[in-house]
Amino acid sequence: MQSLQDFREETRSWLEQNCPESMRTAMVQEEVVWGGRNAQFTNPDSKIWLERLAQKGWTCPTWPAEYGGGGLDKDQAIILSEELVRINARPGLTSFGISMLGPVLLEYGNHEQKLEHIPKIVRGEIRWCQGYSEPGSGSDLASLATKAELQGDTYLINGSKVWTSYADKADWIFCLVRTDFEVPKHAGISFILFDMASEGISTKPIQLISGSSPFCETFFDDVKVPASNLVGRLNEGWTIAKRLLQHERTMISGFGLSSGQSDNGGTTSTISSLEGTAMSYRGDSEKLSDPVLRDQIAQFKIDSDAFAYTSRRSIEESKQGQGPNATSSMLKNYGCELNKRRYELMLQAIGSQGLGWEGEGFNDEELQLTREWLRSKANSIEGGTSEVQLNVIAKRVLGLPDILSMAQK
Amino acid sequence: MALVLSEDQQLLKDSAKSFCEQIAPVSLLRKLRDSKDEQGYDQAVWAQMIELGWAGMAVPESYGGFEFGYGGLGVVLEESGRTLLSSPLISTVLIGATAILELGNETQKQQLLPQIVAGELLTALALDEHTTHRPSRVATTATKVEGGYSLSGSKTFVLDGHIANKLITVARTSGETDSEQGLSVFLVDAAAEGVSIQRTIMVDSRNSSNVQFSDVQVPSEALLGDFDGAFESLSKVLDIARIGVAAEMLGSMQAVFESILVYLKQREQFGVLIGSFQGLQHRAAEMYSEIELCKSAVRAALSALDDPEKSSQEIAVIASMAKAKLSEVFFLVSNEGIQMHGGIGMTDEFDVGFYIKRARVAQQFLGDAAFHRDRYASLNGF
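In the order they appear, the protein sequences are chains A and B. So in the working numbering, spot 367 of the first sequence is number 367, and the numbers just go up one at a time. When you read off a place in the second sequence, starting at 1, and then add 1000, the result is the number in the working numbering.
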């Protein structure tokens, strides 16, 4: 067996030779690569970098090589990620296929489904979106009402979804649908995949408090989907849905980590250091002159350090192969709250320059900060609100009794 | 950096846990308090701890220790914190042995460390002189005299001062009262003439004391570390001690939290278990998250101490991070410990009160959260 040291050396030299220079700089929003049928590469190096990574399966390092993944074990994957961080490499591909759908498809999908979809996710050929929330089903996701009726070997889908990120740009959707209205709400949900180019689908973007956003409303009007696109068993979609949420939460918890180049929930700010920014806007040289802000920043950074150690510990602990579990709710909740604190402190740090909306008088970074500060408010709503995460921790981790079942007694 | 315990550390932790539960439960501290025990710790229990090798946990084998690292001492401290074990573990093992290791010359190490490992020597750190911790603020003086030094001044909040054989005393040999320059450390016999030790009964029922030095004569060999330039090494000792105390706090806060969970699952009001109320569930879930962060902070800090490549500066940052974080969370959890147990939490009969009392002392000891946030900011250049 190849030693880890050898693997590190080979990886390092491969990255040296294959990662283009411009891919070793901080990511800028316009150059994030989402892949898909209509993939756009503002920077041509992004395309080269994606293709080279995908060739080795390193866009999805731990996925099985059989389906185009990297086939690396956990230790090798950690080394790869350390080596990527070492050269400040950008992610080759950012996608919901990688962070959400892929892991559950590998766990619950059948061989044909994996063979069809996984390699395209690895190579960034198909861009996925998530059909979860509905106008009447937010935190109470399981009350969803989008209907799928079996007619022959086709499902007929009717209903609507909301907060579908990038629905207007995605090629396919993984979607929760109700396939049985007669049973308790959790027992009548199925998990299904379909092409967004199908007839009867329309999307409408949603304007947020931060301005334009990737979120959409999505409408299904007699959309025909082959029955073979159902993942797992009929009416057992809720299990898959929850599993996927754990992956989503793990991804979102990364927002709280200030180091490394990860997808930041729609934010790719180059905010370097809070304290450095605060000092430069105030003209302080040795010590931040505002003692209250200084104390708050210190407290924030201490919490961030402890959180970063916790994320690492959780990775080390899951080495035994359990994958994400209920602690993902803790990480998601804490990470999001940290990210919101970071933006509030950043606003304080730069004062009125951080409150510009558009036009003259502000530089691009300042204007971006205003928008990102507003956008960060969604971090504790998307992927399950902070309150829902606390419920999950109370119930699943701490084993506290459920008020609803107690009340029914 | 190892954030998960090794197999050996886990075994040690398990055995320390069962020792503390069986031999040194909270009722032992209660007994010491109620009987107004003169020593303030149980000598028979301490003898068993020595027997188990706990006093030599982080001491290298060449000085009679077991070289299990601070990671090993850390898990023992964590378990001792669970049951609020009152013993010389912090004063003598965590601080005394570390001070001798970091500051001492070869002769001092050869002579004193085996005594600590064998339980023959108890030490106390005489540093603070004011109501809040600031290690450079030392007015106690040491002046050169024929054959040695003469010390004068007074110290407060000296942990285990009244049972110690030797006082590790920080004194000023030059410079202004607040200067980091001009500090030296001396090993002073507790029985030396001119030393007066007054035991103080603190809220946590552990041993503390005020110490007076009036023209105390010590020989030249009593100097521990560099003359006039001890601050840097002393800071390292204090950082190790802070991390050890953070580990102890981690154990204590987990004990409180576990007690809260038991109560939430057993107490009924309005016909349901109170643990089903969201107002309590969310607070419990938030505490759980904070304690998870504390575990990681302590593991990271302990593993930094055992990593020879870490600089003193890096250790200082991580020590202040850990002490600040643990102090804040122990404050939170000890307060919630009372509130979530309701009236019973206020009774002396119930143990949770011992934890809030220990929490405040541990928070202040070697710098509270505000002290360490300030230090963390300075160390990070802002």
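I should point out that these hints are in silico values taken from the structure, not numbers from a laboratory. A couple of the hints might just be wrong.
[Said to hold, decoys possible] Okay, derived cross-link-like pairs now, DSS-like style, lysine-lysine, Cα gap no bigger than 30 Å in a straight line:
1) B:Lys1236 / A:Lys340
2) B:Lys1265 / A:Lys395
3) B:Lys1265 / A:Lys185
4) B:Lys1295 / B:Lys1236
5) A:Lys169 / A:Lys56
6) A:Lys74 / B:Lys1310
7) B:Lys1017 / A:Lys395
8) A:Lys147 / A:Lys120
9) A:Lys74 / B:Lys1013
10) A:Lys395 / B:Lys1013
Taking the hints in turn, this is what the structure says about them:
no.	hint	result
1	B:Lys1236 / A:Lys340	violated, 35 Å
2	B:Lys1265 / A:Lys395	holds, 12 Å
3	B:Lys1265 / A:Lys185	holds, 28 Å
4	B:Lys1295 / B:Lys1236	holds, 22 Å
5	A:Lys169 / A:Lys56	holds, 26 Å
6	A:Lys74 / B:Lys1310	holds, 26 Å
7	B:Lys1017 / A:Lys395	holds, 27 Å
8	A:Lys147 / A:Lys120	holds, 28 Å
9	A:Lys74 / B:Lys1013	holds, 27 Å
10	A:Lys395 / B:Lys1013	holds, 28 Å
The earlier numbered hint that this structure contradicts is number 1, and it is the only one.
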